Amino acid sequence: MRPGLSATQIVGASLVANHFASALSPSTKIDDSYDFVIVGGGQAGLVLGARLSEDKNHTVLVLESGGDGDEFRNRIDTPAFSYFDSLWPTPLNWDFDTVAQPNADDRKINWPRGKVLGGSSAINGLYMTRPGEDEINAWKDMLGDMDGADNWSWESFYSALKKSETFTPPTDDVVDEARITWNATHHGTNGPIHATYPDYTFPEVGDWLTSLESIGIGISDRMYGGESWGADVSTSCINPSNWTRSYSRSGYLDPLPDRGNYDVLANAHVTRLIFEDSTSSDKKTASAVEYTNDKGSTKLKVKVKKEVILAGGSVGSPAVLLYSGVGPKDVLSNAGVDLVSELPGVGQHLQDHFSATVKWSSNVDTAGSIFYHNGKDKNNPKFLTYIDSAVAYVNATAIYGNKVDEYESKFLASIDKYVPKTTYDDGVVTGYKAICNTTASKIFNSPTGQIELLFMNSDGNGDIGITAALQHPLSHGRIYINSSNPMDYPIIDPNYFDNPADSELLLAGIKMARQIGETSPMSKSLVTETSPGSSVQTDDEWVAWLRKEASTEFHPSSSCAMLPEEQGGVVDAKLRVYGLANVRVADASVIPISLSTHLMSSTYGVAEQASDIIREYHNVPTEVKPAFSSSSSAISSIPSTSTAVTNVVAAKKSGSPKGDGSPVENSGAALSLVWTTLLVSVHVVIGYGVFA
Numbered sequence: 002m003r004p005g006l007s008a009t010q011i012v013g014a015s016l017v018a019n020h021f022a023s024a025l026s027p028s029t030k031i032d033d034s035y036d037f038v039i040v041g042g043g044q045a046g047l048v049l050g051a052r053l054s055e056d057k058n059h060t061v062l063v064l065e066s067g068g069d070g071d072e073f074r075n076r077i078d079t080p081a082f083s084y085f086d087s088l089w090p091t092p093l094n095w096d097f098d099t100v101a102q103p104n105a106d107d108r109k110i111n112w113p114r115g116k117v118l119g120g121s122s123a124i125n126g127l128y129m130t131r132p133g134e135d136e137i138n139a140w141k142d143m144l145g146d147m148d149g150a151d152n153w154s155w156e157s158f159y160s161a162l163k164k165s166e167t168f169t170p171p172t173d174d175v176v177d178e179a180r181i182t183w184n185a186t187h188h189g190t191n192g193p194i195h196a197t198y199p200d201y202t203f204p205e206v207g208d209w210l211t212s213l214e215s216i217g218i219g220i221s222d223r224m225y226g227g228e229s230w231g232a233d234v235s236t237s238c239i240n241p242s243n244w245t246r247s248y249s250r251s252g253y254l255d256p257l258p259d260r261g262n263y264d265v266l267a268n269a270h271v272t273r274l275i276f277e278d279s280t281s282s283d284k285k286t287a288s289a290v291e292y293t294n295d296k297g298s299t300k301l302k303v304k305v306k307k308e309v310i311l312a313g314g315s316v317g318s319p320a321v322l323l324y325s326g327v328g329p330k331d332v333l334s335n336a337g338v339d340l341v342s343e344l345p346g347v348g349q350h351l352q353d354h355f356s357a358t359v360k361w362s363s364n365v366d367t368a369g370s371i372f373y374h375n376g377k378d379k380n381n382p383k384f385l386t387y388i389d390s391a392v393a394y395v396n397a398t399a400i401y402g403n404k405v406d407e408y409e410s411k412f413l414a415s416i417d418k419y420v421p422k423t424t425y426d427d428g429v430v431t432g433y434k435a436i437c438n439t440t441a442s443k444i445f446n447s448p449t450g451q452i453e454l455l456f457m458n459s460d461g462n463g464d465i466g467i468t469a470a471l472q473h474p475l476s477h478g479r480i481y482i483n484s485s486n487p488m489d490y491p492i493i494d495p496n497y498f499d500n501p502a503d504s505e506l507l508l509a510g511i512k513m514a515r516q517i518g519e520t521s522p523m524s525k526s527l528v529t530e531t532s533p534g535s536s537v538q539t540d541d542e543w544v545a546w547l548r549k550e551a552s553t554e555f556h557p558s559s560s561c562a563m564l565p566e567e568q569g570g571v572v573d574a575k576l577r578v579y580g581l582a583n584v585r586v587a588d589a590s591v592i593p594i595s596l597s598t599h600l601m602s603s604t605y606g607v608a609e610q611a612s613d614i615i616r617e618y619h620n621v622p623t624e625v626k627p628a629f630s631s632s633s634s635a636i637s638s639i640p641s642t643s644t645a646v647t648n649v650v651a652a653k654k655s656g657s658p659k660g661d662g663s664p665v666e667n668s669g670a671a672l673s674l675v676w677t678t679l680l681v682s683v684h685v686v687i688g689y690g691v692f693a
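Here our numbering runs 1 ahead of the position in the sequence shown, where the first position is 1.
Among the clues, some could well be false.
Unchecked claim - No more than 27 Å apart at the CA atoms, straight line, and that leaves these computed lysine-lysine pairs for DSSO-like:
1) Lys296 with Lys30
2) Lys377 with Lys525
3) Lys109 with Lys306
4) Lys434 with Lys418
5) Lys57 with Lys302
6) Lys575 with Lys307
7) Lys443 with Lys411
8) Lys404 with Lys109
9) Lys411 with Lys512
10) Lys109 with Lys549
11) Lys57 with Lys30
12) Lys307 with Lys57
13) Lys443 with Lys422
14) Lys57 with Lys304
15) Lys306 with Lys284
16) Lys296 with Lys284
17) Lys306 with Lys57
18) Lys302 with Lys30
19) Lys418 with Lys307
20) Lys383 with Lys443
21) Lys411 with Lys377
22) Lys443 with Lys330
23) Lys443 with Lys30
24) Lys284 with Lys575
25) Lys284 with Lys300
26) Lys30 with Lys377
27) Lys383 with Lys525
28) Lys549 with Lys575
No wet-lab data here; the hints were simulated from the structure. Everything numeric in this text was worked out from a predicted model, so none of it was measured.
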């Protein structure tokens, strides 16, 4: 069993991380031009920045709308604070809202998204689940014979997922209590993002798995190898060397040495892309990126020598294109934005996981009761590593039994009735039908999960909840703008429950959630159902409750979909925006179908794949000599504490990840020794620490 770090050591690690990051301030000086300008320093953007800057002959700039997050670093770093000291009420959250949803009681539903270096990976719930082989291959098949389609086969994407990850098995006591199983061969070993399990758990996590087995949902250790169905305890993005959140910034930025070709500018909100004047019909070329660091009153720009890469996520990337004049002609005209390139699919095909939770009062200690009611373990550093991560993915056979074919036919028949409201019948509607037909005919009738179930015990009232979340919606929405001012938020309309097939599937899922809570041994910990309560019994009552209570699972995708242009696609298989010569999109917005998973791991996979595609296009070797090795023979070459701090706080940051996928400071004995040295130094300086 690994020894846990003390509270003092964890605080020391956080202080060192804060000190490292001090160079990433809005006043960081940048150059006039760069080979690559990456729009968005969130989860995907920092992957791209690290990977592209491996090549010393290229210069790279990342522009991030949010701040560096240093003043909130302890809250970011502490896993359990994602529940108990959430960053959602802070400036680190875009705090979007949807438009009123007519099929969800006309509610405007809040959409938190990360606005900070690291993006949503800095403020989310840390789940590191993966998509399934059937889904990824269905995505690839939708591309037909498009050049580069093989980049999105399961085999290729699986390699990218593992490249981003360093997996560590759970501690022995957690394994015993939570019944965790895993297959280490399905995980990465040298990637920048750490995946492991909390160092604290509850007996009810093990009970969760036993109850699921009792209703026919078996425990699986193959969910990370492409079989996304069954029950398990998800890995979380936690670094077990110091039990802190492992996210895009800590993995892909903080460890990087300065080679002078990589800058990251925080508090730099991109307002639009500037295109070269041209009277020809050739593709438009982005010559510069316009941004502001003072709420829009002053516009600055940086020139682009090779490419612009949009990595603003499923809201930000389509918004930048739209404010730049690239998108549906009617949307741009109504917003008062001059048309640069007509591309109907921008912002379309938006998909999200809609979810709801059944709750019970409990007769056992929960994470919520311990924290909010001063339980005995509240100040135990191990407790603050705890994350709700027990999940299950339930496929159509488990939901509908021998009626799967009947429901598939029913859902297929519904598609034509619920096409998006658009003037582009020949493009966007065609793409909608292609996505939904793929979803209903290739994925619904496969073993892939259609409903995600989650065990939740961090409620402020001490309740235990079981969440059901729809994974493959047939209701598609859109992102659009109604203003020419790029400081205005885009309009988000996920169009929840527009197709009744979605409410029918979520109904089946939420009834299953109640069934699990009523099944032993889970039921022994639950006293009274508090929401929705025993008064909700009929299907009509359930659906009425779902319309009133269901909300986002925080997994928007597909708003810059990778599809043929004639299907409302925005990017091709090499992530190039149609109609533009040197602009790509590389984030969750390009995934054309909703995946049965939390999107964090998949987004790392997209960004890793994108980096390889871009580097190959520019004919740059994909491997560079590492700054130092993680092998035992190289330990003596690790820089001193003062040298390490100096390297990381340099205003210009550049990565030298190894060819196998690991920034060298992030691996093995070298990382442990660096952290140990730094922690000892900090401990000597501060003398003591309080884990708060």
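Hint by hint, here is what the structure shows:
1. Among the hinted pairs, Lys296 with Lys30 is consistent with the structure: their alpha-carbon atoms are about 19 Å apart, no more than 27 Å.
2. The hinted pair formed by Lys377 and Lys525 meets the criterion: a straight-line CA distance of about 22 Å does not exceed 27 Å.
3. Proposed proximity of Lys109 and Lys306 is contradicted: the alpha carbons are some 42 Å apart, above 27 Å.
4. A distance of roughly 10 Å separates the Cα atoms of Lys434 and Lys418; the hinted pair therefore holds under the 27 Å criterion.
5. Distance hint between Lys57 and Lys302 is fulfilled; the C-alpha atoms sit about 24 Å from each other, no more than 27 Å.
6. For the hint pairing Lys575 with Lys307, the CA-to-CA distance comes to about 15 Å; that is within 27 Å, so the pair holds.
7. Proximity of Lys443 to Lys411 is assessed by CA-CA distance (about 14 Å); at most 27 Å being required, the pair is judged to hold.
8. Distance hint between Lys404 and Lys109 is unfulfilled; the C-alpha atoms sit about 35 Å from each other, more than 27 Å.
9. Proposed proximity of Lys411 and Lys512 is supported: the alpha carbons are some 20 Å apart, at most 27 Å.
10. A hinted pair counts as satisfied when its Cα atoms are at most 27 Å apart, and Lys109 with Lys549 qualifies at roughly 11 Å.
11. Only pairs whose Cα atoms come within 27 Å are accepted, and Lys57 paired with Lys30 is accepted, the gap being roughly 19 Å.
12. A threshold of 27 Å between alpha carbons decides the hint, and for Lys307 with Lys57 the separation of about 15 Å falls inside it, so the pair holds.
13. Only pairs whose Cα atoms come within 27 Å are accepted, and Lys443 paired with Lys422 is accepted, the gap being roughly 25 Å.
14. Only pairs whose Cα atoms come within 27 Å are accepted, and Lys57 paired with Lys304 is accepted, the gap being roughly 19 Å.
15. Distance check on the hinted pair: Lys306 and Lys284 sit about 16 Å apart at the alpha-carbon level, within 27 Å; holds.
16. With a C-alpha separation of about 31 Å, the suggested pairing of Lys296 with Lys284 is violated against the 27 Å cut-off.
17. Among the hinted pairs, Lys306 with Lys57 is consistent with the structure: their alpha-carbon atoms are about 15 Å apart, no more than 27 Å.
18. Simply put, Lys302 and Lys30 have alpha-carbon atoms about 13 Å apart, close enough for the 27 Å limit, and the pair holds.
19. Straight-line distance between C-alpha atoms of Lys418 and Lys307 comes to about 44 Å, which puts the hinted pair past the 27 Å bound.
20. Only pairs whose Cα atoms come within 27 Å are accepted, and Lys383 paired with Lys443 is rejected, the gap being roughly 43 Å.
21. Taken as a hint, the Lys411 and Lys377 pair is broken in the structure, with Cα atoms around 53 Å apart against an allowance of 27 Å.
22. With a CA separation close to 33 Å, the supplied pair Lys443 and Lys330 exceeds the 27 Å bound.
23. Between Lys443 and Lys30, the direct Cα distance comes to roughly 51 Å. Violation of the 27 Å bound is thereby established for this hinted pair.
24. Of the supplied pair hints, the one linking Lys284 and Lys575 holds, its CA atoms being roughly 16 Å apart against a limit of 27 Å.
25. With a C-alpha separation of about 25 Å, the suggested pair Lys284 and Lys300 falls inside the 27 Å cut-off, and the hint holds.
26. Straight-line distance between C-alpha atoms of Lys30 and Lys377 comes to about 49 Å, which puts the hinted pair past the 27 Å bound.
27. Proximity of Lys383 to Lys525 is assessed by CA-CA distance (about 26 Å); at most 27 Å being required, the pair is judged to hold.
28. Between the alpha carbons of Lys549 and Lys575 the distance comes to roughly 41 Å, so the proposed pair goes past 27 Å and is violated.
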